[in-house]
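Residues in the first sequence are numbered consecutively from 282, following this note's numbering.
By construction, these hints were calculated from the structure, which means they are not laboratory data.
Idealized CB from N, CA, C, for every residue including glycine.
None of the hints are false.
Computed spacing ranges between beta-carbons, pair by pair: (1) A600 - V446: 33 to 39 Å; (2) G365 - S563: 49 to 55 Å; (3) E386 - P493: 46 to 52 Å; (4) A300 - L347: 24 to 30 Å; (5) T503 - K537: 18 to 24 Å; (6) S497 - E318: 43 to 49 Å; (7) A600 - G797: 22 to 28 Å; (8) S497 - E754: 30 to 36 Å; (9) L562 - T503: 25 to 31 Å; (10) E754 - A632: 31 to 37 Å; (11) S391 - E416: 15 to 21 Å; (12) R417 - S606: 44 to 50 Å; (13) L407 - R728: 53 to 59 Å.
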Amino acid sequence: MAAIFADIADLLEIKGENAFKVRAYRRAGESIGHLAEDVAQVMHEGRLTDISGVGEGIARRIQELLMTGRLAYLEELRAEFPEGVRRLLEVPGIGPKTAGRLSKELGIGSFDGLETAIADGRVAALPRLGAKTAERLLAAIQATKRRDRRAPIGLAWPVAQELLVMVRRLPGVKEVSTGGSIRRMRETVGDVDIIGSSEDIDATLDAFLRSPGVASVIQRDTRRACALIAGGLEVELRLCAPPDFGVFLQRHTGSKDHNALLDDRAGEQGLRLTEEGVLRLSDGMLERFSTEEDLYRRLGLAFIPSELREGQGEIEAAASGSLSSPVKLVDIKGNLHTHTTWSDGLDSIEAMARGCQARGYQYVAITDHSGGLGVAHGLSTARVREQVAEIREVDRRLDGIRVLSGIEVDIRADGSLDLPDDLLAELDIVVASVHSAMGQDEDRMTRRLLQAMANPNVDIVGHPTCRIVGGREPIRLDLAAVLRAAVTTKTALEINAAPSRLDLKDDLVRRAREMGVKIAINTDAHNLDQLDFMHFGVAVARRGWCGAPDVLNAWPLDEVLAFARKF
DNA sequence: GCCGTTTTCGGCCCGACTGTTTTCAGTCG
Numbered sequence: 282m283a284a285i286f287a288d289i290a291d292l293l294e295i296k297g298e299n300a301f302k303v304r305a306y307r308r309a310g311e312s313i314g315h316l317a318e319d320v321a322q323v324m325h326e327g328r329l330t331d332i333s334g335v336g337e338g339i340a341r342r343i344q345e346l347l348m349t350g351r352l353a354y355l356e357e358l359r360a361e362f363p364e365g366v367r368r369l370l371e372v373p374g375i376g377p378k379t380a381g382r383l384s385k386e387l388g389i390g391s392f393d394g395l396e397t398a399i400a401d402g403r404v405a406a407l408p409r410l411g412a413k414t415a416e417r418l419l420a421a422i423q424a425t426k427r428r429d430r431r432a433p434i435g436l437a438w439p440v441a442q443e444l445l446v447m448v449r450r451l452p453g454v455k456e457v458s459t460g461g462s463i464r465r466m467r468e469t470v471g472d473v474d475i476i477g478s479s480e481d482i483d484a485t486l487d488a489f490l491r492s493p494g495v496a497s498v499i500q501r502d503t504r505r506a507c508a509l510i511a512g513g514l515e516v517e518l519r520l521c522a523p524p525d526f527g528v529f530l531q532r533h534t535g536s537k538d539h540n541a542l543l544d545d546r547a548g549e550q551g552l553r554l555t556e557e558g559v560l561r562l563s564d565g566m567l568e569r570f571s572t573e574e575d576l577y578r579r580l581g582l583a584f585i586p587s588e589l590r591e592g593q594g595e596i597e598a599a600a601s602g603s604l605s606s607p608v609k610l611v612d613i614k615g616n617l618h619t620h621t622t623w624s625d626g627l628d629s630i631e632a633m634a635r636g637c638q639a640r641g642y643q644y645v646a647i648t649d650h651s652g653g654l655g656v657a658h659g660l661s662t663a664r665v666r667e668q669v670a671e672i673r674e675v676d677r678r679l680d681g682i683r684v685l686s687g688i689e690v691d692i693r694a695d696g697s698l699d700l701p702d703d704l705l706a707e708l709d710i711v712v713a714s715v716h717s718a719m720g721q722d723e724d725r726m727t728r729r730l731l732q733a734m735a736n737p738n739v740d741i742v743g744h745p746t747c748r749i750v751g752g753r754e755p756i757r758l759d760l761a762a763v764l765r766a767a768v769t770t771k772t773a774l775e776i777n778a779a780p781s782r783l784d785l786k787d788d789l790v791r792r793a794r795e796m797g798v799k800i801a802i803n804t805d806a807h808n809l810d811q812l813d814f815m816h817f818g819v820a821v822a823r824r825g826w827c828g829a830p831d832v833l834n835a836w837p838l839d840e841v842l843a844f845a846r847k848f
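Can you make the complete structure from the sequences, with help from the hints?
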C-alpha cells in the first residue's frame, strides 16, 4: 500500500499536479509503510485518519484498496502515461517535469525509448532541453542501467569508519562525523556522507581530493566535495565553520522527513533552521550552535539519537519527554546465537567464548545447526550430547564468562522441530529457525512458526522473516499472529545482526516492541570476526525504538535463564 | 490533500547548481 501511494505521488508529480498534493500522498505512503500495526485493523477500528498524513480523502483510497484490492484513481492515472514513465525518474537529471514532457510530447516510457529519442535529436529539439542536456542524459541512462543498487550498510559502514580517521587527519579539520543515511544506520545507503568542521575549508577539501583513497572526483564546490573511492562507493564530504557544526551536522543527517517536521516546529516558535544556524524571525538574528544537543534543546526537545530521525513520531516524543533512551552497544551482556566448527562455523567453542569475553560479554550461547540442515553439518542427537560435554568443559575452564549450551534447531516444513523435546529440554538456550521451504503460503508458514513457538523448549526464533537484504524477499507471514504468539509463549524474536540479514528489520522491531515482544540481538557469528556484527543489530533495535529492557541479551544471565524457563 | 493553543482557509523547507536563457526553470540533496 505504501508503494501504491508512492506510485500515485510520482504520477501526480509527472502530471504536474499541485506539489503539496503530491507531498500529501507521499507522506501518507511513508506513514503507512512505517505503520506499527495492520492497516486493515486500523480501518476496522475507524482510526485511519489518526495516521499522520492521512485525512478524509486518502482514508477513502485506503478503504477502497482494502475492500476491493484495486484503486480506480491509480488506474486512471496510469492510463494517462506510457507504462514505465516512473522509471525515467531514476535517471539523475530527469525530474518530474522532464519525465512529464518526455512522455507527453514524445511518448517515451523507457530507457531504450529515451536513448533512441536522444540519438535522433528529438530530445534536444524540445524547448529548454539543448544538445548538452541530451548528451548528459544519455550518459546518465547508461550509468543508471549498470548502476549497482544502494550499498548495504555492512559494506559502507567499515569504509565510513576508515574515512572518518582519514578526514580527521586533514589540515584544518576540527570535528568529523558520518551524516545522512549511514549515520541513521539505514540498512542500505546511497552514498557515504561525511560531515565536518574546518578552520580552512578550501585546504581541507583540496587535501581530501588528493588523498590516496580517492579514485575520481565527481564534484567540488565551495563547501563540498564528492568523489568515488576505490570499490565504487560514492563519498560526499561537507564542511562548515566550527561554530556551526551542530546545526550543519543536524541538517545533513536528515532524514528529509525529520528535518521537514523539525522545520515546522521551528516555524511555530518563530524560528527558521538554515545550514548556518537558527534564524530568529522577530529580529533577524542568527543563533549558532556547535552541538546538536544545544540545537534540539533550543527547540524545546530532548536530544534525538540519529537512528530515530525518520519523522515517525520521534519529535512529538522528544517534546513530551516520553522519548526513552534506546539500547546501546555497551548494554549488551551476551550473545545468544553463535556457530562453531561443530557445524558450519570456522572457530572452536573455546575461541568463540574467548572472543565474546574479549568483547565484554558475561555470557554466550553456542548454538550450532541441528541435523536436518545437511549442508551445514548439522548435529544429530548423539553429537549434541558430545558437544554439550565440551561446552560444559570450556565453561568450567574459562573465568569471567558463562558458556551456555544451545542449538539452532531447524523448524521443519510441517512446523515440527528437528531434534527431540527431551534433548532440547537439556539445553540452556534453544534458537529455532526456518531454513527450508520458504515459499510456503502465509497460512501454512504462520502455522509452522506458531507451532514451533508453542514448544516450551524454544526460547528464540532466529532470523524470523528469513529475508536477505537486497537478495531474498521475506517469507510470507501473518506477523500480527506471530507477535501475539511471541508474547503468550514467552518466545523472544531475534534481530539477526549479520548485515546481510538484519532480520527482524527496523519497522517490524518497532511493531514487536509495541506489543511487548522481547528481542534478542544476536550475531549468528560463524567466525570470530563476525562477533563484531553486534553493533549492526543494536542499530536496528534503536531504529525500532527498543530500550535495554526490551532486549533479552541486555539482561543479567539469571534473568535470561529465567525467561528461558518460562516461569 | 492535509492540518490547526497564532489559522477550518491558507499555508505547506530551501539553498545551490546547471543549462539555457537574458531572468529562470528544473533538479538535487
